[in-house]
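Enquirer: For the protein sequence lines, the chains are B and E, in the order given.
Number 205 marks the last residue of the first sequence (our numbering); no jumps.
Number 205 marks the last residue of the second sequence (our numbering); no jumps.
Calculated directly from the structure, the hints in this document are not laboratory data.
Treat the hints with care, as some may be off.
Which copy is meant is left open, because identical chains are indistinguishable; a pair holds if it fits in one copy or across any two.
Once the Cα atoms are required to be at most 20 Å apart in a straight line, the calculated SDA-like pairs of lysine to any residue come out as [what the hints assert, rightly or not]: (1) K54 to R17; (2) K76 to L125; (3) K24 to G59; (4) K54 to G73; (5) K148 to N69; (6) K148 to R17; (7) K24 to D129; (8) K60 to S20; (9) K24 to D84; (10) K60 to D101; (11) K54 to N200; (12) K76 to D119; (13) K60 to S204; (14) K174 to L58; (15) K24 to G201; (16) K54 to S20; (17) K54 to A156; (18) K54 to H16; (19) K30 to G59; (20) K24 to G161; (21) K152 to S185; (22) K148 to D136.
Number of protein chains: 2
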Amino acid sequence: MAEQKATNVTWHDHRVSSDDRKKIKSQKSCVMWFTGLSASGKSTIANTVDHKLAELGKHTYLLDGDNIRQGLNKNLGFSAEDRAENIRRIGEVAKLFSDAGLVTLTAFISPYRADRDAVRELLADGDFIEILVDASLEICEARDPKGLYKKARAGEIKGFTGIDDPYEAPEKPELVLDSNSKSIDDLADEVVAFLDANGYLSA
Amino acid sequence: MAEQKATNVTWHDHRVSSDDRKKIKSQKSCVMWFTGLSASGKSTIANTVDHKLAELGKHTYLLDGDNIRQGLNKNLGFSAEDRAENIRRIGEVAKLFSDAGLVTLTAFISPYRADRDAVRELLADGDFIEILVDASLEICEARDPKGLYKKARAGEIKGFTGIDDPYEAPEKPELVLDSNSKSIDDLADEVVAFLDANGYLSA
Chain B
3 MAEQKATNVT
13 WHDHRVSSDD
23 RKKIKSQKSC
33 VMWFTGLSAS
43 GKSTIANTVD
53 HKLAELGKHT
63 YLLDGDNIRQ
73 GLNKNLGFSA
83 EDRAENIRRI
93 GEVAKLFSDA
103 GLVTLTAFIS
113 PYRADRDAVR
123 ELLADGDFIE
133 ILVDASLEIC
143 EARDPKGLYK
153 KARAGEIKGF
163 TGIDDPYEAP
173 EKPELVLDSN
183 SKSIDDLADE
193 VVAFLDANGY
203 LSA
Chain E
3 MAEQKATNVT
13 WHDHRVSSDD
23 RKKIKSQKSC
33 VMWFTGLSAS
43 GKSTIANTVD
53 HKLAELGKHT
63 YLLDGDNIRQ
73 GLNKNLGFSA
83 EDRAENIRRI
93 GEVAKLFSDA
103 GLVTLTAFIS
113 PYRADRDAVR
123 ELLADGDFIE
133 ILVDASLEIC
143 EARDPKGLYK
153 KARAGEIKGF
163 TGIDDPYEAP
173 EKPELVLDSN
183 SKSIDDLADE
193 VVAFLDANGY
203 LSA
């Protein structure tokens with residue numbers, strides 16, 4: 003039993019490290035945090051980037067409403083407290099995925115600067131890449147693929163970002179994507195080029 | 003803009019799939035859920051398995067107290083409600099890691115059958131591997147590497163599993179590890195052999 007106790011201590015000092023995990027994947031890891039208004043194109047661009055990286059054989063994961071809201075965060079609503087907790091949990095999970103050596107993408111409106119800055123604080127320098135998906139309210143409202151702006155204007159949804167709740171744009175994002183005029187594919191290429199130029203896609 | 007809307011819809015139908023992610027990694031994915039008393043050896047065995055798999059070039063991740071309690075679940079205590087929420091969140095995150103194509107290991111006492119069964123329900127058949135790390139209370143209490151049993155016996159810790167709170171052993175675990183007598187290394191080899199025999203380590 004003494005031997006097992008010692009082994010226990012030893013192994014706690016010898017976890018498989020994040021660097022080991024990246025080495026196996028021949029890449030660096032990071033959290034790409036896409037933020038922007040509803041219908042700005044966050045999720046579409048993030049999925050396209052994810053696809054392009056997968057085609058390059060890179061190891062990635064995408065966190066968005068599709069896999070978070072019905073699962074981990076299904077017990078959260080839309081109060082101010084729940085919104086903050088929503089982003090906090092996503093940030094903590096994104097940190098775990100990055101620790102696992104994956105290029106991690108998140109696509110949530112995440113309208114409040116303080117919540118996003120708290121996620122940045124969780125991560126080491128260079129591991130948090132804040133990406134503003136910049137589209138004007140007018141353009142987003144004209145797109146309105148799910149009819150949410152229409153409902154918000156009609157008062158059927160309260161606290162909707164851009165209508166009766168603020169969107170606080172990042173002050174110093176690592177990347178700004180002009181989703182007013184450029185195509186999804188071109189914007190995704192800009193993101194992949196940024197990752198490549200900054201060394202995230204090689205060991 | 004009409005074109006972007008269409009792209010949006012298209013991409014929501016064409017996420018990088020879990021199968022794509024496994025293919026890139028030349029492996030299948032799963033959640034190995036280690037459960038057992040405090041000091042039974044869960045975390046040590048899981049770390050050793052993780053190490054052996056990393057040496058084989060496999061893509062893994064380990065969730066345990068070290069990376070969960072200070073992060074994602076730092077706002078949870080030890081009430082019955084918080085304990086259930088603790089395991090629920092870990093289950094949801096493990097599901098995401100498995101979806102990402104990783105062989106995922108979790109090491110938590112997780113004493114209640116209902117909580118573990120709820121995690122099993124989250125996952126597809128064959129994706130949840132419940133592993134009982136079987137060591138008698140006497141042996142665990144003799145090991146007591148952190149002095150927790152001593153504190154529980156002295157009444158300084160309330161609701162301690164095995165002392166004044168029950169441990170509900172799995173009824174049909176996929177694997178039982180005899181941690182009363184076998185070495186950590188031998189038990190870790192048993193787990194790796196199980197994964198290999200059941201096809202998890204190849205595409």
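Enquirer: For each hint, tell me whether it holds in the structure or not.
Expert: Hint by hint, here is what the structure shows:
no., hint, verdict
1, K54 to R17, "between (32 Å within a copy, 11 Å between copies)"
2, K76 to L125, "between (25 Å within a copy, 16 Å between copies)"
3, K24 to G59, "both (14 Å within a copy, 11 Å between copies)"
4, K54 to G73, "neither (26 Å within a copy, 31 Å between copies)"
5, K148 to N69, "within (18 Å within a copy, 37 Å between copies)"
6, K148 to R17, "between (45 Å within a copy, 19 Å between copies)"
7, K24 to D129, "within (13 Å within a copy, 24 Å between copies)"
8, K60 to S20, "both (16 Å within a copy, 14 Å between copies)"
9, K24 to D84, "neither (33 Å within a copy, 33 Å between copies)"
10, K60 to D101, "both (15 Å within a copy, 16 Å between copies)"
11, K54 to N200, "within (17 Å within a copy, 32 Å between copies)"
12, K76 to D119, "between (23 Å within a copy, 18 Å between copies)"
13, K60 to S204, "both (9 Å within a copy, 18 Å between copies)"
14, K174 to L58, "neither (29 Å within a copy, 41 Å between copies)"
15, K24 to G201, "within (13 Å within a copy, 24 Å between copies)"
16, K54 to S20, "between (24 Å within a copy, 15 Å between copies)"
17, K54 to A156, "neither (39 Å within a copy, 58 Å between copies)"
18, K54 to H16, "between (34 Å within a copy, 12 Å between copies)"
19, K30 to G59, "both (13 Å within a copy, 16 Å between copies)"
20, K24 to G161, "neither (41 Å within a copy, 40 Å between copies)"
21, K152 to S185, "neither (24 Å within a copy, 64 Å between copies)"
22, K148 to D136, "within (19 Å within a copy, 52 Å between copies)"
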